[in-house]
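Chains as they are written, first to last, in this note's numbering: chain B, 1 to 312; chain Y, 1 to 629.
It is possible that some hints are incorrect.
[As the list claims (entries may be wrong)] Label pairs and their calculated CB-CB ranges:
(1) 255(B) - 401(Y): 32 to 42 Å
(2) 513(Y) - 265(B): 29 to 39 Å
(3) 96(B) - 203(Y): 51 to 61 Å
(4) 538(Y) - 6(B): 28 to 38 Å
[To be verified] Residues from chain B shown here face chain Y by an in silico Cβ test under 7 Å; the list is partial:
(5) 2
(6) 5
(7) 9
(8) 18
(9) 22
(10) 62
(11) 68
(12) 80
(13) 81
(14) 102
(15) 105
(16) 123
(17) 139
(18) 175
(19) 223
(20) 226
The set of hints was computed from the structure by calculation and includes no laboratory data. All residues carry an ideal CB built from backbone N, CA and C; glycine is no exception.
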Amino acid sequence: MASTLRLVLSFLIFPGLLFTAVIGLVTQWIDRKVSALVQWRVGPPWYQPFADVLKLMGKEIVIPAGARRAGFLIAPMAGFAAIGVVSTMLWLTNMHGTGFVGDLIGVIYLLTIPSLGIILGASASSNPLSSVGASREMKLVLAYELPFVIAIFTAVTKVSPMTLRLDGILEYQAANGVLLGNASCILAFIVCILVVQAKLTYPPFDIPEADTELMEGTHIEYSGAALAVIKLQQAMMLFTLPIFLITVFWGGLVLSGWGILYTIVKYVIIIVIIVLIKNTTPRVRIDQAVRFFWGPVTVIAVVGMILAILGF
Amino acid sequence: MPQILVPIVIPAVAGLLCLFVPKRVKGVREVIALAGTAWAFVAALQLFGQWPLSFTKDWMVFGGLDVQFDLLLNHFSAFVIVFVGLFGLGVGIYSIGWLEKEHDGRRYYAYLLWTVAASCGAVLSNSLLILLIFWEALTAILYLYINLGRKKAEASAGASKSFLMLGFSDAALFLAVGLIWVKYGTLSMSHLRIFVSDPASTFIYLLLMIGAITKAGAMPFHTWVPAAAKGAPTPVMALLPASIDKLLGIYLLARISLDIFSIGPGLSLVLMIIGAVTIFAAVMMALIQHDLKVLLGYHAVSQVGYMILGIGTGIPVAIAGGLFHMLNNAIYKAGLFLGAGSIEKQAGTTEISKLGGLARAMPVTFITMTISALAIAGVPPLNGFVSKWMIYTGIVGLGSRGFSAYWIFVLVAIFGSALTLASFVKVLYSAFLGQQPSALSHVRESSWFMRVPMLVLAGLCVLFGVWAKFPLDTFINPVVHGAIGTTSTGAVDLGAGYWDPASATGLIIVGVIMGLVVVLMGKFTKRRTGRIFVGGIRPPERMDAMHVTGTGFYNTIKEMIPFKGFYMNAEQKVFDVHVVGGRIGGVLVNALKSLHSGVLSTYLAWCVIGLGAIVFAVLAALLKEMAGR
Numbered sequence: 001m002a003s004t005l006r007l008v009l010s011f012l013i014f015p016g017l018l019f020t021a022v023i024g025l026v027t028q029w030i031d032r033k034v035s036a037l038v039q040w041r042v043g044p045p046w047y048q049p050f051a052d053v054l055k056l057m058g059k060e061i062v063i064p065a066g067a068r069r070a071g072f073l074i075a076p077m078a079g080f081a082a083i084g085v086v087s088t089m090l091w092l093t094n095m096h097g098t099g100f101v102g103d104l105i106g107v108i109y110l111l112t113i114p115s116l117g118i119i120l121g122a123s124a125s126s127n128p129l130s131s132v133g134a135s136r137e138m139k140l141v142l143a144y145e146l147p148f149v150i151a152i153f154t155a156v157t158k159v160s161p162m163t164l165r166l167d168g169i170l171e172y173q174a175a176n177g178v179l180l181g182n183a184s185c186i187l188a189f190i191v192c193i194l195v196v197q198a199k200l201t202y203p204p205f206d207i208p209e210a211d212t213e214l215m216e217g218t219h220i221e222y223s224g225a226a227l228a229v230i231k232l233q234q235a236m237m238l239f240t241l242p243i244f245l246i247t248v249f250w251g252g253l254v255l256s257g258w259g260i261l262y263t264i265v266k267y268v269i270i271i272v273i274i275v276l277i278k279n280t281t282p283r284v285r286i287d288q289a290v291r292f293f294w295g296p297v298t299v300i301a302v303v304g305m306i307l308a309i310l311g312f
Numbered sequence: 001m002p003q004i005l006v007p008i009v010i011p012a013v014a015g016l017l018c019l020f021v022p023k024r025v026k027g028v029r030e031v032i033a034l035a036g037t038a039w040a041f042v043a044a045l046q047l048f049g050q051w052p053l054s055f056t057k058d059w060m061v062f063g064g065l066d067v068q069f070d071l072l073l074n075h076f077s078a079f080v081i082v083f084v085g086l087f088g089l090g091v092g093i094y095s096i097g098w099l100e101k102e103h104d105g106r107r108y109y110a111y112l113l114w115t116v117a118a119s120c121g122a123v124l125s126n127s128l129l130i131l132l133i134f135w136e137a138l139t140a141i142l143y144l145y146i147n148l149g150r151k152k153a154e155a156s157a158g159a160s161k162s163f164l165m166l167g168f169s170d171a172a173l174f175l176a177v178g179l180i181w182v183k184y185g186t187l188s189m190s191h192l193r194i195f196v197s198d199p200a201s202t203f204i205y206l207l208l209m210i211g212a213i214t215k216a217g218a219m220p221f222h223t224w225v226p227a228a229a230k231g232a233p234t235p236v237m238a239l240l241p242a243s244i245d246k247l248l249g250i251y252l253l254a255r256i257s258l259d260i261f262s263i264g265p266g267l268s269l270v271l272m273i274i275g276a277v278t279i280f281a282a283v284m285m286a287l288i289q290h291d292l293k294v295l296l297g298y299h300a301v302s303q304v305g306y307m308i309l310g311i312g313t314g315i316p317v318a319i320a321g322g323l324f325h326m327l328n329n330a331i332y333k334a335g336l337f338l339g340a341g342s343i344e345k346q347a348g349t350t351e352i353s354k355l356g357g358l359a360r361a362m363p364v365t366f367i368t369m370t371i372s373a374l375a376i377a378g379v380p381p382l383n384g385f386v387s388k389w390m391i392y393t394g395i396v397g398l399g400s401r402g403f404s405a406y407w408i409f410v411l412v413a414i415f416g417s418a419l420t421l422a423s424f425v426k427v428l429y430s431a432f433l434g435q436q437p438s439a440l441s442h443v444r445e446s447s448w449f450m451r452v453p454m455l456v457l458a459g460l461c462v463l464f465g466v467w468a469k470f471p472l473d474t475f476i477n478p479v480v481h482g483a484i485g486t487t488s489t490g491a492v493d494l495g496a497g498y499w500d501p502a503s504a505t506g507l508i509i510v511g512v513i514m515g516l517v518v519v520l521m522g523k524f525t526k527r528r529t530g531r532i533f534v535g536g537i538r539p540p541e542r543m544d545a546m547h548v549t550g551t552g553f554y555n556t557i558k559e560m561i562p563f564k565g566f567y568m569n570a571e572q573k574v575f576d577v578h579v580v581g582g583r584i585g586g587v588l589v590n591a592l593k594s595l596h597s598g599v600l601s602t603y604l605a606w607c608v609i610g611l612g613a614i615v616f617a618v619l620a621a622l623l624k625e626m627a628g629r
């Protein structure tokens, strides 16, 4: 009973929903600040993302007339919850060194729930632009899932004995050096960065939202506090996905002494790469994105996998 | 009557009774059908755990073959008959609400009862010959059953295609049984132990495998499933191809691959490749279908791939995953077909482009189908995820034993489940969400008879996912000798993998509640309903103009280069064994036909050539004989 309570508390506060959301919003500020620097602007103050969410909380919620209310409001919450579970899993595994809730497959599957929630919520809104956005989001998931699975299993192949457990991968890295030291895993890591870009629907893969043609597409009908939850979910993903990559490829989180600084540096490096890609590439069409992921990106991932099998 | 005979005899007799109830008498047939299936189900439940229980009776002797009516209840058959009984009962209840006046209820319920009887017989039989007899009976019943469909042309086309393909596989099975009798001298499944080493035993194994995977509907013998889906009454699809045929086919495959034969790495690889190709190709076909029933038919094929892949690895964890997937698939696929039947009955069509926005009108169908659809796509924490995850973990185990191509199979399996998700997103969007066409404004929820079985199946999807420990410990672990580790808190620990569904579910529920709390903390009380926003213009009054159908959801992929050719070939049925076989047959017939020109001299010439060939052969043999001396 006490352990259940501790689990729920760690899910709600640290390192779960609250912690992830706060750090995620801070990361969004880094995102906006770096974007501003790229565009020769000053950029917003650090509390701007918090202010945005608070403002949305105070707005009224408008539900479109033909919408299926329950589905429209509940579906995005599932994504919010799933990303919180993933974050809790990653942090607790890193902190305690024991497996928790699930393994890599669990993470891969849980990470598709936010997309699924957005797709079902958008479908329920009865807006044709949302429908188009939902269809694109699903195709984007199909596109990146193929190289993503290969890249993650490159790491699994490198670990010996092969394991799907996150704690097993961390132990291997603690004993044998980070996986990113291998040529195969560098390729896999590059693939994963591109996949993270698509998972966040950041340019050049902001196709389902496509501000200039679909006007936020999948999110178009959301307003007020419901939109705030979606924004929080995006912020949490921006935080959780780099942590996932660090855990699998880059030795995990070290949370003592100078290790804290090193962990923050690793995290900021990944964030800055993502933000730079975001700010320097224009949006592609969905068929181009699918072709890109199933073509060159998959080839890179397969090359990485073959290198891993050969022992590099 | 011995207890083990109850699930076979009672439904068979009840089926006969059904046939003799006059057409005008109402309600009696339904009562008989429910009583028969319920009795079989309860009997199966009572039998569960009583293994080993056998029943032997001398039947007949012909040509030195002493045929015994030999039944055996073991760990495996005990749990399969429980679910055969459950699906029989569920579909029986559902059919009361589904059947219309123009359906022939007498035959319908008789076939339902006989299906249950023959399936229990096939699973319980310990002699390959008895199994074959029940197996053949099922093929015949399925043919008659599909023919009851209301669209006569499609129903009879589907029925004859199914009958031909299953008949072919039954012939393969028959040949295998004969060969086993000649070569090994026994047909008792508990005595046969064959080590596959020589070409003869490999051939026998392959014949048996064809029989098993055709029943289950794996590639390349799958095309009867979508063809049947087009014409058959929808509950029949839920009963046979979606659930019982899967149970039987995979049951036989597991029995031959694990008990009777010990197969080497070569045949293992063949099974794994069949599994992987089936997963991928069938789900790609499902992605572009526009009829809900045919789409579900292709998924019924695709999911078999996971089971064959799992059994093919030979790793205990993956075998357990394959068997668990067999069970899970039967549950959610039956649920999906029942949901499709509910839509068909209420909306009058299963054409995806004509459906839309039914979630409000049919909430129970919507919720149960959503749960089943998410389960088939393997969304955690539902049951489909657990069994797929077990299969993946098993394949990774194969990888750590030095099989470096393991990742291709994992990739196909995981990517296949992403494609499954995509396909069902299309279904959920176009049938239940999206805009409601005005033609469907009259649609109401279906009757309680139909709702209850759908709710039970959806409930099982949740239960077997969240509390996976229960089905794993009760049904699967006895079969695989306790290969699956479960903890007292309900977590599943496979060594290389770990999944705690109860915690995951609890946290997700807490998370969803937190999200809703955030929404309520905002000005939720001040919510209002407004028009949709389509870029500032006023949306038209008639929403039909804004209806985006789901049929074109994946046209991007359909028109991409490597897939375009694949789909075009598939539409011309290049991959259909039934059609290709027919074409080869046609070529042979035409070649032989052209010989019959009616010109006497040609016939004489053929006779002379033939005579010459015989003389030559005899002479050659004689010469060889003389040279030998």
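Results of checking the hints against the structure:
Checked against the hint of 32 to 42 Å, the C-beta distance between residue 255(B) and residue 401(Y) comes to roughly 36 Å, which is consistent with it. Evaluation of the 29 to 39 Å hint for residue 513(Y) and residue 265(B) yields a pass: the beta carbon distance comes to about 36 Å. Restraint check, residue 96(B) to residue 203(Y): a C-beta distance of roughly 55 Å satisfies the suggested window 51 to 61 Å. A C-beta distance of roughly 55 Å is found between residue 538(Y) and residue 6(B), which places it outside the suggested range of 28 to 38 Å.
Hint status for residue 2(B) relative to chain Y: violated, with the closest Cβ pair at about 14 Å, above 7 Å. A hinted interface residue such as residue 5(B) counts as satisfied when its beta carbon comes closer than 7 Å to some beta carbon of chain Y; here the least separation is about 11 Å, so the hint is violated. This hint is violated: residue 9(B) has a C-beta 10 Å from the nearest C-beta of chain Y, more than the 7 Å allowed. Look at residue 18(B): its Cβ only gets to about 9 Å from chain Y, farther than 7 Å, so that hint breaks.
Contact between residue 22(B) and chain Y, as hinted, is not supported at the beta carbon level, the nearest pair being about 14 Å apart and thus beyond 7 Å. For residue 62(B), the suggested interface contact is upheld, since its CB lies about 4 Å from the closest CB of chain Y, less than 7 Å. Given hint, residue 68(B) at the interface with chain Y, holds; its Cβ is 5 Å from that chain's nearest Cβ, closer than 7 Å. Taken as an interface hint, residue 80(B) checks out: its beta carbon lies about 4 Å from the nearest beta carbon of chain Y, inside 7 Å.
Contact between residue 81(B) and chain Y, as hinted, is supported at the beta carbon level, the nearest pair being about 2 Å apart and thus within 7 Å. The beta carbon of residue 102(B) comes within 5 Å of a beta carbon in chain Y, closer than 7 Å, and the hint placing it at the interface holds. Restraint check, residue 105(B) versus chain Y: the minimum CB separation of about 5 Å is within 7 Å; hint holds. Among the interface hints, the one on residue 123(B) holds; its C-beta lies about 4 Å from the nearest C-beta in chain Y, closer than the 7 Å criterion.
With a least beta-carbon distance of about 6 Å to chain Y, the hint placing residue 139(B) at the interface is held under the 7 Å criterion. The beta carbon of residue 175(B) is not positioned within 7 Å of any beta carbon in chain Y (closest approach about 17 Å), and the interface hint is therefore violated. For residue 223(B), the interface hint is violated, since its Cβ never comes within 7 Å of a Cβ in chain Y; the closest pair sits about 9 Å apart. Contact between residue 226(B) and chain Y, as hinted, is supported at the beta carbon level, the nearest pair being about 6 Å apart and thus within 7 Å.
Figure legend: structure checked against the earlier numbered hints; hints not met, in rising order: 4, 5, 6, 7, 8, 9, 18, 19.
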